[in-house]
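J.: The listed protein sequences correspond, in order, to chains A and B. Here the first sequence is numbered in my numbering, starting from 1 and rising by one per residue. Here the second sequence is numbered in my numbering, starting from 1001 and rising by one per residue.
Hints are computed from structural coordinates only; laboratory data are not their basis. Predicted, not measured: the structure shown is a model, and the values here were computed from it. Backbone N, C-alpha and C define an ideal beta-carbon position, used for all residues, glycine too. Be aware that one or more of the hints could be misleading.
Distance windows between CB atoms, simulated [stated by the list, open to error]:
1) Asn156(A) / Asp1143(B): 51 to 61 Å
2) Lys60(A) / His1239(B): 44 to 54 Å
3) Thr1158(B) / Asp25(A): 51 to 61 Å
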Amino acid sequence: MIGLINLGNSNIQSVINALDCLEIDYFVTDNYKDLKKCSKIILPGVGSFSNGVLRLKELKLFDSLKSEVLTKNKPILGICLGMQMFFDSSEESDGIEGLGLVSGRVVRLPVSDNYKIPRIGWADSRLCSNFLGLTKGQLIDFYYVHSFHAQPNDLNTVVIDSDSGIVSAIKYKNIYGCQFHPEKSFKSGLKILEEFSKLKEKR
Amino acid sequence: MKKRLIPCIFLKNGMIVRSEDFKIHQIIGNPINQVKRFSDWAVDEIIYIDISESNKYDNRRDDHKIKTSNSKLDLLSEISKNIFVPLAFGGGIRTTDDIQRVLQMGADKVVLNSGMFFDDLLLTQAVEIFGSQALVACVDYKDNFVYFEHGRSKSKYTVDQWCSILEKQGIGEILLNDISRDGKSTGYDLKTISMIVDMVNIPVIALGGAGDYYDFIECFEESDPSAVAAGNIFHFKEHSYYHAKKSLEQANIDIRKEYGVF
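Can you build the whole structure from these sequences, using the hints too?
T.: Here's what the structure looks like:
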């Protein structure tokens, strides 16, 4: 069963709709005690990095998430800000520590002629590795809404990139993150959620 | 970023309407079926604007085999269940609580308009709570002046003044709507769109005046907005979204080339 984390301000309804449509079992929670009951976790998120981290701490999810993911090796999928919070810090919120599940930091998107900021819309995204049902080499349009992106220290963790260098998805051990919104990226996005739901928990 | 083509749905009292001049509203049909159809067509995004003046909702017509939805938000919630592309919702948003409710009902973005004229602080507060990315400003204009309350009230701002204020206050995108072209099929207001696209550093969505697919191509080529939106054309022409996308593809506009079923 997937535990879908509700931080309050984020729009989890879209994720709920997608999981319902795929007939995936999940429950919505903001209670850290519930984390023990789930075998996988989805962490969506919108808004600022500091707000997100603050909510995680207020709800006592910050430490419990870390332990479920790092000690119990439960697969976790972070979406947008959810993924950004996996990292150590963000330029968006100086002095605020992220979950530190993946080593690296979140930085402002570079200025480019290819997009405006916030970078909103569909962008060709390149699979650098296989990722949740999608095959290396594929070029897929995903839907993005963001002003920041992650910079992992280990570039091997980058599994999808777009616009020559924007980190679109990462995978590190049992940790999966999408900067784009799979729940809003039509068939390929739904495929990602479906494959994530089928992952086996590592013991 | 790919250029986006966005169907815009106007709802009045629970039914989709065709709009002309902001005054004539001809009932076209039931929104739930139509929005589902758009989603099946793999549209890039959907903008859904409720222009009801009262809270009277009537979609209990027996020619549509769907559940009755009694309020705007119920309808939104029903619609969002079948949408796996971005959905923006507007109409009657006055407070940050309204925004919160709309996002909770499954919208990804909220379209603000008159609310920003009634409350100077609405946008700033909304940006703080929800972030720019969740907020779209609909700028209705006529003869270079911005109007609100369904085009009835004239504001003191010219289009460029207002867009510049919105950008400073942190709006995520601007939906630029030429009132005088509403339902007229005369093509887009290329001059104003170009002016705003050149002026602001945020995405601009052009609306108002699309009569055929060439209007989309022309708008992208001449004015370079991030997206073009249209309402009526997608309701009255058979498989119009598909054909519009194909026309854009043939004109070498950099669009998302994913085609759904229909």
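J.: State for each hint whether it applies.
T.: Tested hints:
A hinted range of 51 to 61 Å holds for the C-beta pair Asn156(A) and Asp1143(B), which are about 58 Å apart. Roughly 52 Å separates the CB atoms of Lys60(A) and His1239(B), a value that falls within the hinted 44 to 54 Å. At about 54 Å, the CB distance of Thr1158(B) to Asp25(A) agrees with the hint of 51 to 61 Å.
The structure meets every hint from the earlier list without exception.
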